[in-house]
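Full structure from sequences and hints, please.
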Amino acid sequence: MAGSAVAWPRVYEERGLLSWLTTVDHKRIGILYILGAGFFALIGGLEALLIRTQLAVPNNRVLVGEAYNQVLTMHGTTMIFLVVMPVLAGLGNYVVPLMIGARDMAYPRLNAFGVWMFLLGGLFLNLSFLLGGAPDAGWFGYAPLTAKTFSKGTGIDFWILGLQLLGISSITSSINFVSTILLLRAPGLTLNRLPLFAWTTLVTAFLILFAMPSISAALFLLFLDRHLGTHFFNPAAGGDPLLWQHLFWFFGHPEVYIMILPAMGIVSEVLPVFSRKPIFGYTAVAYSSVAIGFIGFTVWAHHMFAVGLPPVVNAFFSAASMLVAVPTAIKVFNWIATIWGGAVRYRTPFLFAAAFVALFVIGGLSGLFLAAVPVDWQVTDTYFVVAHFHYTLFGGSMFAIVAGIYYWFPKITGRFLDERLGRLHFALQFIGFNLTFFPMHFLGLSGMPRRVYTYAPGLGWEGLNLLATVGAFILALGFVVFFVNIARSLVAGERAPDDPWDGHTLEWLTSSPPPPYNFARIPVIHSRRPAWDRKYTGNPHPHPVIEAAEGNDRVGEVETSEEPIHLPSPSLWPLILAAGLTVFALGLVTHWIFIPVGLLLFALGLVRWVQQPLFPEAHGTSS
Amino acid sequence: MARTGGAIRGWARGGEAGLVILSAGLAGCSAQSPAILAPVSPKGRAEAELFWFILAITAFVFVVVEALLLYAVIRFRARDPQAIPPQIHGNRALEVSWTTVTALGLAVIFAMTWRTMAATSTPPAEAIPVKVIGHQWWWEFQYPTLGITTANELVIPVGRPIRLTVTAADVIHSFWVPQLGGKMDAIPGRENLLWLQADVEGTYYGQCAELCGASHANMRLRVRVVSDSEFQRWVEAQRAPAAQPVEPLAQKGYQVFMSKACVGCHTIDGTPARGKVGPNLTHVGSRTTIAAGLLENTPENLARWLDNPPAVKPGSLMPRLGLTPEEIQALVAYLSSLK
Numbered sequence: 000m001a002g003s004a005v006a007w008p009r010v011y012e013e014r015g016l017l018s019w020l021t022t023v024d025h026k027r028i029g030i031l032y033i034l035g036a037g038f039f040a041l042i043g044g045l046e047a048l049l050i051r052t053q054l055a056v057p058n059n060r061v062l063v064g065e066a067y068n069q070v071l072t073m074h075g076t077t078m079i080f081l082v083v084m085p086v087l088a089g090l091g092n093y094v095v096p097l098m099i100g101a102r103d104m105a106y107p108r109l110n111a112f113g114v115w116m117f118l119l120g121g122l123f124l125n126l127s128f129l130l131g132g133a134p135d136a137g138w139f140g141y142a143p144l145t146a147k148t149f150s151k152g153t154g155i156d157f158w159i160l161g162l163q164l165l166g167i168s169s170i171t172s173s174i175n176f177v178s179t180i181l182l183l184r185a186p187g188l189t190l191n192r193l194p195l196f197a198w199t200t201l202v203t204a205f206l207i208l209f210a211m212p213s214i215s216a217a218l219f220l221l222f223l224d225r226h227l228g229t230h231f232f233n234p235a236a237g238g239d240p241l242l243w244q245h246l247f248w249f250f251g252h253p254e255v256y257i258m259i260l261p262a263m264g265i266v267s268e269v270l271p272v273f274s275r276k277p278i279f280g281y282t283a284v285a286y287s288s289v290a291i292g293f294i295g296f297t298v299w300a301h302h303m304f305a306v307g308l309p310p311v312v313n314a315f316f317s318a319a320s321m322l323v324a325v326p327t328a329i330k331v332f333n334w335i336a337t338i339w340g341g342a343v344r345y346r347t348p349f350l351f352a353a354a355f356v357a358l359f360v361i362g363g364l365s366g367l368f369l370a371a372v373p374v375d376w377q378v379t380d381t382y383f384v385v386a387h388f389h390y391t392l393f394g395g396s397m398f399a400i401v402a403g404i405y406y407w408f409p410k411i412t413g414r415f416l417d418e419r420l421g422r423l424h425f426a427l428q429f430i431g432f433n434l435t436f437f438p439m440h441f442l443g444l445s446g447m448p449r450r451v452y453t454y455a456p457g458l459g460w461e462g463l464n465l466l467a468t469v470g471a472f473i474l475a476l477g478f479v480v481f482f483v484n485i486a487r488s489l490v491a492g493e494r495a496p497d498d499p500w501d502g503h504t505l506e507w508l509t510s511s512p513p514p515p516y517n518f519a520r521i522p523v524i525h526s527r528r529p530a531w532d533r534k535y536t537g538n539p540h541p542h543p544v545i546e547a548a549e550g551n552d553r554v555g556e557v558e559t560s561e562e563p564i565h566l567p568s569p570s571l572w573p574l575i576l577a578a579g580l581t582v583f584a585l586g587l588v589t590h591w592i593f594i595p596v597g598l599l600l601f602a603l604g605l606v607r608w609v610q611q612p613l614f615p616e617a618h619g620t621s622s
Numbered sequence: 000m001a002r003t004g005g006a007i008r009g010w011a012r013g014g015e016a017g018l019v020i021l022s023a024g025l026a027g028c029s030a031q032s033p034a035i036l037a038p039v040s041p042k043g044r045a046e047a048e049l050f051w052f053i054l055a056i057t058a059f060v061f062v063v064v065e066a067l068l069l070y071a072v073i074r075f076r077a078r079d080p081q082a083i084p085p086q087i088h089g090n091r092a093l094e095v096s097w098t099t100v101t102a103l104g105l106a107v108i109f110a111m112t113w114r115t116m117a118a119t120s121t122p123p124a125e126a127i128p129v130k131v132i133g134h135q136w137w138w139e140f141q142y143p144t145l146g147i148t149t150a151n152e153l154v155i156p157v158g159r160p161i162r163l164t165v166t167a168a169d170v171i172h173s174f175w176v177p178q179l180g181g182k183m184d185a186i187p188g189r190e191n192l193l194w195l196q197a198d199v200e201g202t203y204y205g206q207c208a209e210l211c212g213a214s215h216a217n218m219r220l221r222v223r224v225v226s227d228s229e230f231q232r233w234v235e236a237q238r239a240p241a242a243q244p245v246e247p248l249a250q251k252g253y254q255v256f257m258s259k260a261c262v263g264c265h266t267i268d269g270t271p272a273r274g275k276v277g278p279n280l281t282h283v284g285s286r287t288t289i290a291a292g293l294l295e296n297t298p299e300n301l302a303r304w305l306d307n308p309p310a311v312k313p314g315s316l317m318p319r320l321g322l323t324p325e326e327i328q329a330l331v332a333y334l335s336s337l338k
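Chains as they are written, first to last, in numbering that gives the first Met the number 0: chain A, 0 to 622; chain B, 0 to 338.
Note that these hints are calculated values from the structure, not bench results.
Quick list of simulated restraints, FRET-style, between CB atoms: (1) Pro318(B) <-> Leu45(A): 30 to 40 Å; (2) Gly188(B) <-> Glu461(A): 30 to 40 Å; (3) Pro456(A) <-> Gly263(B): 31 to 41 Å; (4) Ala102(B) <-> Ala426(A): 36 to 46 Å; (5) Gly131(A) <-> Ala302(B): 29 to 39 Å; (6) Arg91(B) <-> Ser526(A): 18 to 28 Å; (7) Gln31(B) <-> Pro496(A): 52 to 62 Å; (8) Ile73(B) <-> Val544(A): 25 to 35 Å; (9) Gly131(A) <-> Pro271(B): 36 to 46 Å; (10) Leu208(A) <-> Arg91(B): 27 to 37 Å; (11) Leu598(A) <-> Pro318(B): 35 to 45 Å; (12) Leu129(A) <-> Ser120(B): 42 to 52 Å; (13) Ser526(A) <-> Ile73(B): 25 to 35 Å.
We put the CB at the ideal spot given by N, CA and C, even for glycine.
Structure below.
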């Protein structure tokens, strides 16, 4: 680049494979997260279709016993750890630095390490299918079913180590989000002006940091039980299977909020923009996320009402679980009030965001039945629960994620996703989703347990199961349309301007796609809606400001830069480090030879990472 | 304003229609199912009542919230693409009120939950003790005061409280008969208490509710609720030692049973068979189902099971024993005679 004031490595402009393998650009890393999650979504979706095919009719023989349990376990594990969490991390990685006026994440190479750890951890987990069988004890892996005595194969070991690798990814990316959001905000961007998606990403990062250690410890103990003869979870030798459940759900329930809070953040961005209004009750929406985060750590035993805990303990967790409905309800009312009185534009992001509210309400309300201990004794571990959490995590998280992808696609690619295909996708996904999961409430109430690979005829379960299976295929068709839309729009989509939706937040003030350095000048923030304020003036009855001279107003334009921009050097070492850990894990499960190879790679990656300066030395700048 | 009112009334009517469909759905699924909303026990009824109570509240909230959302989305659709609505940032009074109303509603639900918990946790004075042991993949029932051990079919007298001590021999299972009330996990190394009482005679379906391995789906059970006198007859019959085989085929079956691997895992009282791994077969002929409730107890099904257990119940700990058709026929005759 000619401009002497600009200093970023050329690789930021390159497009080859090596430029991606060595990237430390938060935008490219975000894209890698999203693409990886999309790939694993195909696998997890196929697993869901296999499950629904087997359950379409009673006594079916498509997927029986052990094989069903493997697919069931991998469906849950994949959708949680390889789809919802990483796609949210990807959107956060791409969007949050732009939203807060940062040039990158706080630790760019750690960021790259996180995405490689996710991709390799996901591949490692799925490798189990080819190397002797996938894990089969459910995504919650209850002891002692996971003990060596009852799970002799390596599936459980792949699960333990795969989740550990993915946990490393989550923890590093969370450290990065916390540092970035707390330290790298543009001048004037106080927490009280922080965009709501950044707020929920911040709270989620804290949740991950506090929840992950619990499952990491539990997985470590389980690994010791399986291979070194300890008895942490073995009742025959004085261990306690319930210890596993407490450790697991102390992570597992906050995990639910880890998956829903950023989704709520997306909806809190999309609804105001498409209603042309500010979010209603910003403070309540922001702090209700914090409240959900705190209360989320006091509800874990509502997964354990039937394990025989004392009534007072059950009552405490029942009350805490109901309490979490208060901040959740606050959000729902605020979203509706945001739309209320607005000028609503029915673009695809809005359709998905509004459907999120409609469906999440159902998931929230059905959750109350599970918080009420005596009702929970009946409906826990039935299809009622399957219905409930799919309304929160599919009707909720997934609808919001899709809304977010339609919303930010023009920013990421410079092209719109097709609106007509988007509507078709929406119709199929909305109908398919409800057809699949609404009947499951009734299945649970009619006594059908979850996680069964088959059922007998004559129990009144046939019709509803068939309906759910038909719905699942409609849902899958919706996603086919979605993927076709993405592929088509990438090459032939309508060109998008910098600010295609009349946006509110900072990312709409730079080009689409943004330059490597995001903003030439870091803007000074005076309000919650910096982009809106450049376009409209007057409150409560705004009118457009007279346009400034074309081009000069764009903070992404490098020509207006006044001081040098420094971007970190690309680095291969995060990938090598992640590969080392993955190969090491492979050695623990398969052949010992991989252990030294993995350690060697790990050491190489670590040493070279530390030796490599963060910024290119050629420019002679020091800080 | 008038239009607003009309729309709201319209949505309210839609909501009522929705509730009717919902109720029909709930009623429809209870007709032939082990439905939790068709309880036959005091505990099951208390749980169902709490369910209906919460449903009434949540259905109301559902209708109101969805109606508001739909109304907002439809009513405030932008007609002029350039239109900019008034910028409302919030309303303290409104926010405080919906927060308060939500909290109050939840407090009411919790109070009702607490009441139901208290009402269902009082142990009855005189209960028949039964030990329930979950195995991969079948249920063992021991009546310690009556000296009876049986499998997969719990027989209890109508209207009498039963005190179940629930545990497991291997992994975690969960004992659940929907129409008799909520489930209780069967956890190895722990003994959980569960009271059971059935007020209507009949056979009630249940099955394991915790993922416990390959044949989790095949770990079924029946509770046969019988009159007092029938229960007495059943107890007498169960306490008797195993019937001696009379017919020649059954006698041959006895020989096969005692000379093959069968004895290693099964007990038949009054014979050398003393195994503890599989179900007690002393009165297997009196049970209505075999293979953990998977198959009706008929000679054909018994033969099918003996020929290849893992084909019926994947992962079954009882292996394929390689019995000849003649041996199977003899075993069927013997086992069926064990009434």
